[in-house]
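Engineer: Protein sequence lines, in the order shown, are assigned to chains A and B.
Per the numbering used here, the very first residue in the first sequence carries number 1; after that it's consecutive.
Per the numbering used here, the very first residue in the second sequence carries number 1001; after that it's consecutive.
Partner residues aside, some chain A positions facing chain B, computed with beta carbon under 8 Å:
id, residue
1, Ala41
2, Val49
3, Gly63
4, Met64
5, Arg124
6, Thr136
7, Gly148
It should be emphasised that the hints constitute simulated quantities derived from the structure, not laboratory data.
Glycine included, each C-beta is placed from N, C-alpha and C at the ideal position.
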Amino acid sequence: MSFSAVAQLVSTWAIPLLLLLIPLLAAVRRVKVYEVFVEGAKDGFTTAVKIIPYLVGMLVAIGMFRASGAMELLASALAPVTGLIGLPSEALPVALLRPFSGSGTLALSTELMKTHGPDSFVGRLASVMYGSTETTFYVLAVYFGAVGVTRTRHAVAAGLVADAAGLLAALLVCRALFG
Amino acid sequence: MLNWVWLGLVAVAVVVGALTGRLDAVTRAAFDSARTAVEIAFGLVGIMTLWLGVMKVGEEAGLVRGLARLIRPLARRLFPDVPADHPALGAMLLNIAASWLGLGNAATPLGLKAMDELQKLNPRKDTASDAMVTFLALNTACITLVPATMIAVRATLGSANPTEIVLPTILASACATVVAATAARLLRRLPAFRTPRPPASGDDREGA
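If we strip away everything but chain B, and leave its shape as in the complex, we get (with noise of 0.2 Å):
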């Protein structure tokens, strides 16, 4: 499905850019982004590098796993393909309790923490396993307490009461939420986004 998204977004930007005669800055923007992109990966390099440090530690003295039961009874019901005490859950729940406080720095770490532990217990390295397009919903959908860049603009422009939003924002984001949960468990029945069964042994298909 990426991959028509992606090829639509190009081709349309191309076509519609050439009607309008905005090719030009189409071209811009392409280069612009690309450069974007890597000035947001490497941006990641010293947080990602600290927060890995520090799961590693909380992972020895065995606290991501205490975390981990902490969630067990919510966590078997929303992946209920991830062992009780996986350190992944540990890592998921850190990253949502990170973007609840708006702290975005340390949310994207985090995730990238507990997607690396998915990985490990899915079977095909190349396709997302269910418990990741659950946890990437519930990311996507994610609630934060206080949306404060957003207040913080209100109030630059002359607000008469900036935090407002809050409540608003807050109900909004716990409805994507639910939703982002629901559509994941439904959705993978489709048989068009059922997984594959994982390889036997042998398997050379072409192009994995």
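Pulled out of the complex, with its shape left as it was, chain A reads as follows (with noise of 0.2 Å):
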């Protein structure tokens, strides 16, 4: 069985498993399963809403930011200077979107993919790119939020750092195996 097929089949029987196990083993050791589990479920719905504000921030900031056409501006800018370690201009904006918006990169690989083939360098390097982080702004506003954190320290700039990590190991990566 190849290594993607475990790992499929991994994905699907992990929560149902968690799902039985959990609540089975709760109840071998004599916990009342259903009323801790009411108890701990009620903060759900709070801990849900406290993110809202949070996220409606950084998420209005980042949407302004990509409609103004100020990413291209910012990728045309730097082209020059990502062209000496071999980034394609195409696969540009990709990266630099990536720390501010999943759905955002993943439509602008697959336009990539549909312009250059799926099997073309630059839409292989944006597949290889789009999984290689998280997005980490929104990462940081639903974590933070949910506790309430506002002063974030080196929360950011760790982030940022590991993402431009992520972005040029892709890149190498890719190079070294399709290049």
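Combine both chains into one complex, guided by the hints.
Structural biologist: Structure below.
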């Protein structure tokens, strides 16, 4: 069985097994499973609602930035520099957008693959870049929002350094494997 | 830092939007994004409620602490401020495992539960603790073993081998993860990012 088939199998079974095993083991240890479930579950609504202001703030700023065309301007300004490390100019907007928007990056990558073909270098690179990191600003807004932390200290810097490393690694790995 | 990033995004958007004649689109994007944000948050309500309930059951059964003990050697290095069998470690492990498997629906609620546990250990409630930043850095660099969405898109577009990106993606995100943990550790020593001392009793700092 191939690696991705195994991983696929695990993905299918993980949730049902967790949902079965946790209450089952708890019941064996004499936990009143349903009562405790409801007790824990009652915080679900407040937690989800608590992140609204943080998420609205973050997504509005990112949405405005993208709609203004500033991303394209930034990409064309940076193109000569990133050309030096062998990053194709078509893939640069994908890299720039990655920390800000997951769905935006997916849309851009799909667009690139339609134009250049999914098996072109740019198409493969965009695919790998999309999966190489998470959407940093979304994660920061939601996770800090849920606990009401507003002073984020080095979280933005650490997240962006990790994004840069992931995107650069995507480029290097793709050049080594597909170059 | 988030303050400056936020202001920068909005200011650049308005200035560039004015110069390129796209102010209409900028306005529309602002309203659309606001609605999307609320839809995302409400979309989380059901799944959040489910996982918080299941996690509570797991906690009462001692499973979350058990998981925490399982990763003690690694956790002691990454999160020195979190006690060895604290439920925060169990929740973080579950969150990261869920993201590895690409179970986004489970990952976010488990991650928020972990943040909630970390917040209990945090002496300054409005300020991120070292453990929180390390956890979030690992999260933003997350490894996905099977990038299912991207594979599906590539297959739809007629790729000869849609899954050829799996290994490169794992390598790139593993690299990001190592850098994330290192960056979180190194950056916290910079003067700009150091934690202020925990508030002394009677501290009535304005705007706190």
